[in-house]
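Q: Spelled out, the chains give:
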Amino acid sequence: MSTERRFDAGSDVGQDSAPGDDSTDEGRSLGAEVRGYILGLALAIALTIASFWAVQTHLIYGPGIPMALVVLAVAQMGIHLVFFLHITTGPDNTNNVLALAFGVLIVSLVVFGSVWVMAHLNHNMVPMGELLKMQR
Amino acid sequence: MTEVALSSGAGAPAHAAPTGHGAGGPAPKRIVVGYGFWIFLLSDVIMFSALFAAYAVLASNTAGGPSARQLFDLRNTALETGCLLASSFSCGMASLAVGQRSMRWTQIALLVTGLLGAGFLSLELREFEGLVARDAGPSRSAFLSAFFTLVGCHGLHVTAGLLWLGTMMAQFLAKGFRQDIRFRFLCFSLFWHALDIIWVAIFSLVYLVGTIL
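Protein sequence lines, in the order shown, are assigned to chains P and A. Take 1 as the starting number for the first sequence in our numbering and just add one per residue. Take 1 as the starting number for the second sequence in our numbering and just add one per residue.
Since no wrong hints were added, every one of them can be taken at face value.
Just so you have them, the derived chain P footprint on chain A, three or more residues with Cβ under 8 angstroms:
#, segment
1, 26-36
2, 52-65
3, 93-104
4, 192-206
Bear in mind the hints are in silico, worked out from the structure with no lab data behind them. Computed from a predicted model, the values in this text were never measured in an experiment. Note that the Cβ used here is the ideal one computed from N, Cα and C, for glycine as well.
Chain P on its own, in the form it takes in the complex (with noise of 0.2 angstroms):
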């Protein structure tokens, strides 16, 4: 076996698998691999006209909306990273699942604590007609 051919081959080391990576060479037959895509696709789509019906019909409890949104928006990033970017959980995906989860946690923090911080600055300030008074 060259070198060549051991390091061209996930499936011979058969211990990590690279975000992305088709399982064909696993065993997992081509009409099942399309089948995996379609039923992706399937799913995005299904959520995304979910997405476009919440902000359209009186069904949900108005304020609700938008945290019906978020939840429909999670769904499907989580639809694309297991049926198109194949991150799943399987003992082989660990490192990229950790990544993932670590990203995870540095959007959460950015964006949640950007928008706390700054309610918190907005709803303190002095207004703006006090402002120019205590300018005088």
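Got chain P; can you put chain A on it based on the hints?
A: Just chain A now, with coordinates in the frame of chain P:
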């Protein structure tokens, strides 16, 4: 002392002993390439999260100008979403075609991916053009500055992705399914799918939330 002696004298010939950590030796190059690019993509997502945070903070600061509700056309957003989702799917088909070493299907799938991506981009540019024409350009208010920065940054990523996609088509054609070209294509497909994930956040949290608040 004894441990060192034991581990070095395991009996295996030196060239067969794993040089990396763990039982399997160093990871194959495909894993290293994919993992490294995955780390890059996550850092890109973190950059986008800062733009999302800026938009969330500034979204209500319209400075007397038009608000999200008056500006956004959901039909256009739905079309853009459809284009990008379909192009993500055909990019997946392209990676299956590469796995099957089928040049014709690889090129067809990549062409479809690129056309759908270009369709998305033209819809977005038309939307931007319309906004600027209605005096709702990036300099109008803090809300619009944040909006153009966030959505424009995603658009720039798509533009870069289209250039990369054209390069991949040419390289497959000129060099065949060589290993290093396939690694590049693995990175490209990850990049393209990640752009679709960021668009999911944009259409949900910017366009859809914008029309109900």
